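Enquirer: The lines below spell out each chain.
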Amino acid sequence: MAIVIGSDGARHWTLLTPGEQRWRWFGWLVLAALTVFCWRIMTADTIWAFVADAPTQAADIFGRMLPPRWSYIDQLWGAIWDTINIATLGTLIAIGLATPLAFLAARNTTPSVLFLRPVALFAIVASRSINALIWGLLLVAVLGPGVLAGIFAIALRSIGFIGKLLYEAIEEIDETQVEAIRATGAGQMQVIGYGIWPQILPAFATICVFRWDINIRESTVLGLVGAGGLGLALEGSLNTLAWPQVSLILLIILVTVILSEWITAQVRRMII
Amino acid sequence: MTEAIPAQHLVWKPPRLIERAWLRWVILGAIILYLWLALGSIDVNWTRVSEGLVRAARLFAGFLQPDFTTRWRDIQQGLIESLTMTVCATVFGLVLALPIGLGAARNVAPLWLYGLCRAFIALARAFQEIIVAILFVAMFGFGTFAGFLTLSLSTIGFLSKLIADDIEEIDPAQVEAIRATGGGFWQVMDYAVSPQIGPRFVGLTAYKVDINFRESSVIGIVGAGGIGATLNTALDRYEFDSAAAILLIIIGIVMICEYGSGWIRKAMA
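So the sequence lines, in the order shown, correspond to chains A and B. Quick note: the first sequence, position 38, residue 38 per UniProt numbering, numbers continuous. Quick note: the second sequence, position 179, residue 179 per UniProt numbering, numbers continuous.
Hints were generated in silico from the structure; no laboratory data involved. Each hint should be verified, as a subset may be incorrect.
Just some of the chain A residues that point at chain B, by a computed CB distance under 10 Å [unchecked claim]: (1) L29; (2) A32; (3) L34; (4) C38; (5) V51; (6) A54; (7) A58; (8) T88; (9) V125; (10) L143; (11) P145; (12) G146; (13) L148; (14) G228.
The model shown is predicted, which means the values in this text are computed figures rather than measured ones. We treat Cβ as the ideally placed atom computed from N, Cα and C, and that holds for glycine.
Pulled out of the complex, with its shape left as it was, chain A reads as follows (with noise of 0.2 Å):
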């Protein structure tokens, strides 16, 4: 280590040995050749003449999406309704989930640290690992193309994402509030209403908004395999080739993005 924390706690600076550098270069030689390896693998079976064209073909791809078709909009406001739809109702069913998930998972307020405890973090792990346009696929296949498999989708990808976040901020709690609370004799709901919840209320309403703003995000692309708005009229415009209609959808979806990005940032700077 080039940083050495001596017994005072304050940082030194000291030099690589040289074992510990020739470990270093080891190490590096070893990413190196990895990397060497993977290309070759990789690009085992490309087409180089494909890539070299790629300059042409990007020019002839942008010159026919400018200009972009605005007349096309007409068509899009449906799109636009569910795709903020999507993300909207999808957050409110995963706080919904996760809120009791998170209390299951975090070890202070688990009923159970042997039973309960693992299979919350396991639903919270298992949601987290996998990613939406995945759970798209899936509930695509099993509920039918359309904006409901889209809401499901972003609801169990954000159950673990908004569980995690919110279990770390429970364990991180002041237990002195909470022993206040329970030697007035209050039940475990009313030791979790006055002792708990007020402390975590900030973190959680960041957290919501925060998930908020990266679903509306996921849930312009989610269309792409068959869950509904922008990305539907997205792919809708691709198959058919028409490219002045995908630069409009990607107008949008960055308008989209940069309108829910600064909700999100009025919205936590009321809260903080």
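With the hints as your guide, set chain B onto chain A.
Expert: For chain B alone, coordinates are given in the frame of chain A:
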């Protein structure tokens, strides 16, 4: 004059978030109206859903008995594509993110370079990977190369922004000290800047490996190579047992990546 109030009349109420009553009601009304409109716009095809429940049951059964063997060659191919794509894209992104991150830090770069690099970072971060993948597939053809470029671009956007923000927050005293000894630009970078951002930077890269693998598992849906394409095909054919096997593999690798990157970040912090 205050009189003793009987204790049971003293009920404490938590303070309201919004003090003005009418504003509270207007906001509540707006929320209810929105929910009513939003829920009304979902049209559910119940016959399709009831058919779907059968599929859901089969999918669930698939998770209990995942089929790794039938499509193993496709799965293997997809996995190799995803993993090699992740490694190459992270390394390339990293190599390119370093100079761009340096250029986007206001305390080491001149203004014109700062503006240029920040604009590039904003552009690289504006669109989701999947949309970038669509464009790259259109330009470079189907396959891993488009996916590699997509992930590289997102890695550059992610890492160079964080590097730049980190460099802007470093302790200037050390830079001053090295400069005072007559150190040139590269010596300042080597002895004052990189020791300060190095450890966090390794952690961020490990985190990005984790994200890149997750993304590499979906960009295949739009034709950019990787395990996502295999999964998409399996679901299109309603081969839920193969799909379950692929999902289990993805979850397994994501968890390995997540714990690995968490471990590296802890070791480096």
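Enquirer: Kindly indicate which numbered hints from before are broken by the structure, ordering the numbers from low to high.
Expert: 1
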